[in-house]
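2 protein chains.
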Amino acid sequence: MSLVIVGSVAFDTIETPDARRERIVGGSCTYSALAASFFTKPKIVAVVGEDFPPETAALMKKRGIDLKGLRIVPGGKTFFWEGRYGDDPNQRDTLRLDLNVFGDFQPTLPPSYRSPDILFLANIGPSLQEHVLSQVKRPRLVAMDTIRHYIETEPAALDRVLRKTDVYFANDEEARLMTNERNLIRAGRLLLERGPRLVVLKKGEHGALVFGKDSLFAITAHPCEGVVDPTGAGDSFAGAFLGFLDRAGDFRASSIRRAAVFGSVLASFTIEDFGIERLATLKPAEIENRFAFLKKVASI
Amino acid sequence: MSLVIVGSVAFDTIETPDARRERIVGGSCTYSALAASFFTKPKIVAVVGEDFPPETAALMKKRGIDLKGLRIVPGGKTFFWEGRYGDDPNQRDTLRLDLNVFGDFQPTLPPSYRSPDILFLANIGPSLQEHVLSQVKRPRLVAMDTIRHYIETEPAALDRVLRKTDVYFANDEEARLMTNERNLIRAGRLLLERGPRLVVLKKGEHGALVFGKDSLFAITAHPCEGVVDPTGAGDSFAGAFLGFLDRAGDFRASSIRRAAVFGSVLASFTIEDFGIERLATLKPAEIENRFAFLKKVASI
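Chains W and P, in that order, give the protein sequences.
Using the working numbering, the first residue of the first sequence is number 1, and each one after it goes up by one.
Using the working numbering, the first residue of the second sequence is number 1, and each one after it goes up by one.
Check before you lean on any hint, since a few could be wrong.
Claimed, not checked - Think about it this way: if two alpha-carbon atoms lie no more than 27 Å apart in a straight line, the pair counts; the simulated DSS-like pairs of lysine-lysine are:
| no. | chain 1 | residue 1 | chain 2 | residue 2 |
| --- | --- | --- | --- | --- |
| 1 | W | Lys203 | P | Lys295 |
| 2 | W | Lys203 | P | Lys296 |
| 3 | W | Lys283 | W | Lys203 |
| 4 | W | Lys296 | P | Lys203 |
| 5 | W | Lys213 | P | Lys295 |
Bear in mind the hints are in silico, worked out from the structure with no lab data behind them.
Everything numeric in this text was worked out from a predicted model, so none of it was measured.
Using the sequences and the hints given, assemble the complete structure.
Given below as structure tokens:
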């Protein structure tokens, strides 16, 4: 099997109630590819400027990530985001956003990327997501993610992508915004009616719910006594979920369930440190231990 | 085994965004005893006025609840509470509170109540809870619940009761208020240090966490597409939890876990209708079915 991930690679400046980090590497593609790399060898499609640190590219390569689709724009500057978290790690304010090379990003897939088994349209505009979809032979599984900005500004394009999507990842705020429905069970079921076979609704510290036409899985979050930096939790969840499915080679209910637990596990590691620092040093045995722990915590 | 429950029996006037009900029967003792009655024959200690409906007493008797400790004050009026829920079913405002006969309540346990295996100090003031404790031979298990009002007004007495408590039930708001800690994992662990062997932290739609010295269980909430009336959810959880343990006859980890799932199940039924209406018609087979469903939803 193969997994292609299209998304953003960025510099983030992050402020939390306890600390601040300047221009650390982030982006939806970065987090999801690193998380997926513990299960499979993802191929990424993204754009960066010449300022992008070679150490990060080296880390990605070391983790088996295929960088043929990573375009480096000569003289360009990498996408930059600055955000601040309050006491509630689920709430954040964007303080600054410089699209830079991401503003003209027209993702073009290398020929070796055009028949993926799994395609993940991570957080980029829905029109770009459609553009990517038009370049591939229908994958066995299309997954997508989006953010408040696109839900508010490009709802029609988003709905078109949703109809071509098998797995839609949303956090609670996005699910409510998409459906205008406060109750998350109703929101999840309404989203299912708009195309996807599965809706993965992420609830931060409260875990996640995976809605299928005739199924529901509830996933417990790893008990975390202190979130250092919530950035990338959702991307890590999605990356691990899809990376696991790519390795499993099937989309049976039992695989979906395990995929979601691994999603929750990788997200729980990401938030233990700033940016990708925790993922950079993470060991497979730590992932397996945490999976076993969650199984013990949740089983009846 | 035997279970004694001390708490309030009340009239509630309840307003939700969709409806309003005047003077329906409620109270922590009522909900918890009815929920417990699906597992054991609880004995209740409470006080009501002459206005208390004989139909409710008859329903309780029919459900096997021992009413020897229910005092009816001649000429007295039953405790009355009026509250309003907003769009968020976890938020409510108290519009009116008439203590009536509850104001002079000095619970006296009938002789047949004085050696309970399990004692539940439901929502009454901590000084009254201490007064009850002083009347019983040390039970195998003491459980308690409280509310914001007593956390704010009687913290010292509350801490004394907590030190004599084995199982403390709190919702997320109460746990945060008790510990001044936003993170619920830390809050749960801090509460453990104040006496209880188990802290049951109820999170509404997000389920519950059961903290032990060396254990943690996460309980999924039944997926509910619409809460009719959240009143009594916590009391129903506690009643079913303790009723199940009373029937199980032991406090092993596996029993605690099942007790918490049954707690979640009974709470999920309570909120499907106003007041005790759903509990009044509930069938054991419905409880078993929902337990099996939650097991399927949560198992990895």
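Please work out if W:Lys203 and P:Lys296 have their alpha carbons no farther apart than 27 Å.
-> Roughly 20 Å between the alpha carbons, so the hint for W:Lys203 and P:Lys296 holds.
Are the Cα positions of W:Lys296 and P:Lys203 separated by 27 Å at most?
-> holds, 20 Å
Given hint P:Lys295 paired with W:Lys213 - CA-CA distance at most 27 Å = holds, 19 Å
Taking 27 Å as the top limit, are the C-alpha atoms of W:Lys203 and P:Lys295 close enough?
-> The given pair, whose Cα atoms are some 20 Å apart, holds under the 27 Å limit.
Restraint status (C-alpha distance of W:Lys283 to W:Lys203 at most 27 Å) | Distance ~25 Å between W:Lys283 and W:Lys203 Cα, so the pair holds.
The structure shown violates none of the earlier numbered hints.
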